[in-house]
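Asker: Whenever a hint applies, use it, and build me the whole structure from the sequences.
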Amino acid sequence: MNVFVDHPAVLFAVLLALFIGAVAFGAFVLRRLAVLPPDDRDDCNIIQTSTLTLLALLVGFSLSMAVNRYDVRESLEESEANAIGTEYARADLVDSAVGAITILPATVALSLALIADIDSPKGGVIRVELRDLGRLLTSLEP
1 MNVFVDHPAV LFAVLLALFI GAVAFGAFVL RRLAVLPPDD RDDCNIIQTS TLTLLALLVG
61 FSLSMAVNRY DVRESLEESE ANAIGTEYAR ADLVDSAVGA ITILPATVAL SLALIADIDS
121 PKGGVIRVEL RDLGRLLTSL EP
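In terms of this note's numbering, the sequence shown opens at residue 1 and continues consecutively.
Don't read these hints as lab results, they were simulated from the structure. Some clues are possibly wrong.
Stated by the list, open to error - Pair ranges (Cβ atoms, derived):
no. : residue 1 : residue 2 : range
1   : 67        : 16        : 23 to 31 angstroms
2   : 71        : 13        : 29 to 37 angstroms
3   : 100       : 54        : 53 to 61 angstroms
4   : 13        : 66        : 18 to 26 angstroms
5   : 12        : 101       : 26 to 34 angstroms
Where is the CB? At the ideal position from N, CA and C, for every residue including glycine.
Answerer: This is the structure we're talking about:
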């Protein structure tokens with residue numbers, strides 16, 4: 001199961017093969033084993049139209065949710081950038097010793113954001129080992 005989650009291309013290929021096989025099997029059964037009278041064919045056309053309409057709605061709502069999530073994520077990134085910028089601006093207003101202590105959390109957050117691969121397939125999970133984090137913190141101390 002993890003192969004499908006970690007590699008969407010493999011999932012796409014497997015599902016495409018399954019769908020093509022299902023369509024071929026359905027066409028075989030329809031043409032060889034079951035001959036539909038014309039009245040039943042009209043009923044199948046209505047069902048086909050309804051199914052395609054539901055599929056179009058599903059795709060439309062999925063795309064809408066994806067675009068909405070992208071906009072929310074972009075807004076959150078902008079708010080975080082503004083907060084870090086405000087922290088830097090406020091740290092410049094006080095003397096240098098207090099400013100260095102004040103700016104340390106913002107610098108750590110910015111450094112961790114640069115370490116994190118936001119567009120990774122894992123969903124932006126930050127994987128920092130403790131020795132790397134300790135080295136980062138000691139390099140940031142005033």
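Asker: Next, verify each hint and record whether it holds.
Answerer: Checked hints:
Our hint of 23 to 31 angstroms for residue 67 and residue 16 holds, since their Cβ atoms are close to 25 angstroms apart. Taken as a hint, the range 29 to 37 angstroms holds for the pair residue 71 and residue 13, whose Cβ atoms sit roughly 31 angstroms apart. A hinted range of 53 to 61 angstroms for the beta carbons of residue 100 and residue 54 is consistent with their spacing of about 60 angstroms. At about 21 angstroms, the CB distance of residue 13 to residue 66 agrees with the hint of 18 to 26 angstroms.
With their beta carbons about 51 angstroms apart, residue 12 and residue 101 fall outside the hinted range of 26 to 34 angstroms.
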